[in-house]
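FYI, the numbering used here numbers position 200 of the sequence shown as 1096, with every residue one higher than the one before it.
Hints listed in this document are in silico derivations from the structure and should not be mistaken for laboratory results. Any given hint could be a false lead.
Simulated restraints, written as ranges between beta carbons of each label pair [claimed, not checked]: (1) N1077 / I1139: 23 to 33 Å; (2) P1017 / N1077: 33 to 43 Å; (3) E1035 / I1123: 55 to 65 Å; (4) K1049 / P1017: 34 to 44 Å; (5) M1100 / P1078: 12 to 22 Å; (6) N1103 / S1060: 18 to 28 Å; (7) P1078 / R1137: 20 to 30 Å.
List time: in silico DSSO-like cross-link candidates among lysine-lysine, alpha-carbon distance up to 27 Å [unchecked claim]: (8) K1099 / K1080; (9) K1026 / K1046; (10) K1046 / K1099; (11) K1059 / K1099; (12) K909 / K922; (13) K1080 / K1061; (14) K1085 / K1026; (15) K1049 / K1038; (16) K1080 / K1033; (17) K1127 / K1140; (18) K1127 / K1099; (19) K1087 / K1046; (20) K1064 / K1099; (21) K1140 / K1064; (22) K1026 / K1087; (23) K1085 / K1064; (24) K1068 / K1046; (25) K1135 / K1119; (26) K1038 / K1064; (27) K1138 / K1180; (28) K1119 / K1061; (29) K1059 / K1038; (30) K1049 / K1080; (31) K1026 / K1049; (32) K1135 / K1186.
By construction, the Cβ of each residue, glycine as well, lies at the ideal position given by its N, Cα and C atoms.
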Amino acid sequence: MPLYKLTEKRMHKKAREDEDGITEIKAKMREMGEDVDGSESEGWSESDSEDEDEDEDEDDEEDDDDDDEDDEDEEASENGDEEIEVDVEGIESVSEDEDEDALSDEEVEIDDASSTNSVFPISIESAITKPIYQSSKNEIEKLCVLCPDKSLKSDQMIEIHLKSKGHKRSLKRYSLYLINNPLKEEEEKIKDPREIIEEILEKMDSNELNVDNNKKIETNDQKQQNINNEKKRKRNNKKERKIKKAENLLSSSSNINTSIINELKNDNINNKTNNENDLTLNRKARRLLKLKNGEIQLKSLTDQTKEMK
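Using the sequences and the accompanying hints, generate a full structural model.
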């Protein structure tokens, strides 16, 4: 037996002796000279043996109690398993009920969607001029039928959105799609404009629809036309410059002719030479003299421009 248990038992025994008055009797016996220690030791040994027997009995009882507790735990675990099985069945039934509720909610949503589709407030034609409509989920929120991803919560936002480039592009795609894919009168009454928008977006995702091609072709043609016009303008300007240059040369040549003739006359007077044929003149001076005498004629302006070309 452990020492702390023996110590506890001795302390309990001493407390009992104090309560019963045995401690006082032993003290008086010691005063009378009687040997109390031997009796105490014998008493201690007897009491210890008795205590040991009691401890063994207690240990056996504790073991029995432990066995009983183990049996109770096993029974409780078995009962718990049964309860768990019951709970699992209950959970499964609850989950089935929830699934049925979810299915019913989905059916209700589908019915609501079908009802809203049947009474959609915007027709296919009016979607071009009045594409804004009230959201069914939120009273404050408004939506654009041409731009499904836009949520508008004020009049200012609506005004800004209608003026935006994105909305204008969507409007152009929608209009061109209706022109290229005309609907019958019956289809116009039945069909929802949101379905047309979905078809347009699907074709854009699959690259089957490219509304900007016409715009690109127009810009390329216009660009080529501008290039041709610029080249033509440059040619005309070049021709005009040549004509003007020829006119300037003619006017300057006439002035030069008169000045040269005057100089030649002065030279002849100074040299006292009456015969102009005797003068030593260069080619240009001789040409000017022939022009003056009428031996040759000036070419027209058109002939000069042709020669320059």
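Results of checking the hints against the structure:
The hinted window of 23 to 33 Å between N1077 and I1139 is violated, with their beta carbons roughly 58 Å apart. At roughly 23 Å, the beta carbons of P1017 and N1077 sit outside the given window of 33 to 43 Å. Between E1035 and I1123 the CB atoms are about 57 Å apart, so this pair conforms to the stated range of 55 to 65 Å. Checked against the hint of 34 to 44 Å, the pair K1049 and P1017 fails, with Cβ atoms roughly 19 Å apart.
The given range of 12 to 22 Å is respected by M1100 and P1078, whose C-beta atoms sit roughly 20 Å from each other. Taken as a hint, the range 18 to 28 Å holds for the pair N1103 and S1060, whose Cβ atoms sit roughly 24 Å apart. Restraint check, P1078 to R1137: a C-beta distance of roughly 56 Å breaks the suggested window 20 to 30 Å. Note on K1099 and K1080: the hinted pairing holds, with a Cα-Cα distance of about 21 Å set against a maximum of 27 Å.
Note on K1026 and K1046: the hinted pairing holds, with a Cα-Cα distance of about 15 Å set against a maximum of 27 Å. For the given pair, K1046 sits about 20 Å from K1099 by alpha-carbon distance, which is consistent with the 27 Å threshold. Pair hint K1059 plus K1099 holds up; C-alpha atoms about 25 Å apart against a cutoff of 27 Å. Straight-line distance between C-alpha atoms of K909 and K922 comes to about 14 Å, which keeps the hinted pair within the 27 Å bound.
Distance restraint check for K1080 and K1061: the Cα-Cα separation of roughly 30 Å exceeds the 27 Å cut-off, and the hinted pair is therefore not satisfied. Under the criterion of a C-alpha separation no larger than 27 Å, the hint pairing K1085 with K1026 is consistent with the structure, at around 17 Å. Of the supplied pair hints, the one linking K1049 and K1038 holds, its CA atoms being roughly 6 Å apart against a limit of 27 Å. Proposed proximity of K1080 and K1033 is contradicted: the alpha carbons are some 32 Å apart, above 27 Å.
The straight-line distance between the Cα atoms of K1127 and K1140 is roughly 20 Å, inside the 27 Å bound, and the hint therefore holds. Restraint check for K1127 and K1099: not satisfied, since their Cα atoms lie roughly 42 Å apart, outside the 27 Å limit. The suggested pairing of K1087 with K1046 holds, with an alpha-carbon distance near 22 Å, which does not exceed 27 Å. Restraint check: the Cα-Cα separation between K1064 and K1099 comes to about 19 Å, which is no more than 27 Å; the hinted pair holds.
Between K1140 and K1064, the direct Cα distance comes to roughly 52 Å. Violation of the 27 Å bound is thereby established for this hinted pair. Distance hint between K1026 and K1087 is fulfilled; the C-alpha atoms sit about 17 Å from each other, no more than 27 Å. Straight-line distance between C-alpha atoms of K1085 and K1064 comes to about 25 Å, which keeps the hinted pair within the 27 Å bound. Note on K1068 and K1046: the hinted pairing holds, with a Cα-Cα distance of about 17 Å set against a maximum of 27 Å.
The suggested pairing of K1135 with K1119 holds, with an alpha-carbon distance near 24 Å, which does not exceed 27 Å. At roughly 18 Å between alpha-carbon atoms, K1038 and K1064 fall within 27 Å of each other, so this suggested pair holds. Distance hint between K1138 and K1180 is fulfilled; the C-alpha atoms sit about 22 Å from each other, no more than 27 Å. Restraint check for K1119 and K1061: the C-alpha separation of about 24 Å stays at or below 27 Å, so the hint holds.
Under the criterion of a C-alpha separation no larger than 27 Å, the hint pairing K1059 with K1038 is consistent with the structure, at around 16 Å. The hinted pair formed by K1049 and K1080 fails the criterion: a straight-line CA distance of about 35 Å is larger than 27 Å. In summary, the hint linking K1026 to K1049 is supported, as the alpha carbons are separated by about 17 Å, within the 27 Å threshold. Among the hinted pairs, K1135 with K1186 is inconsistent with the structure: their alpha-carbon atoms are about 30 Å apart, more than 27 Å.
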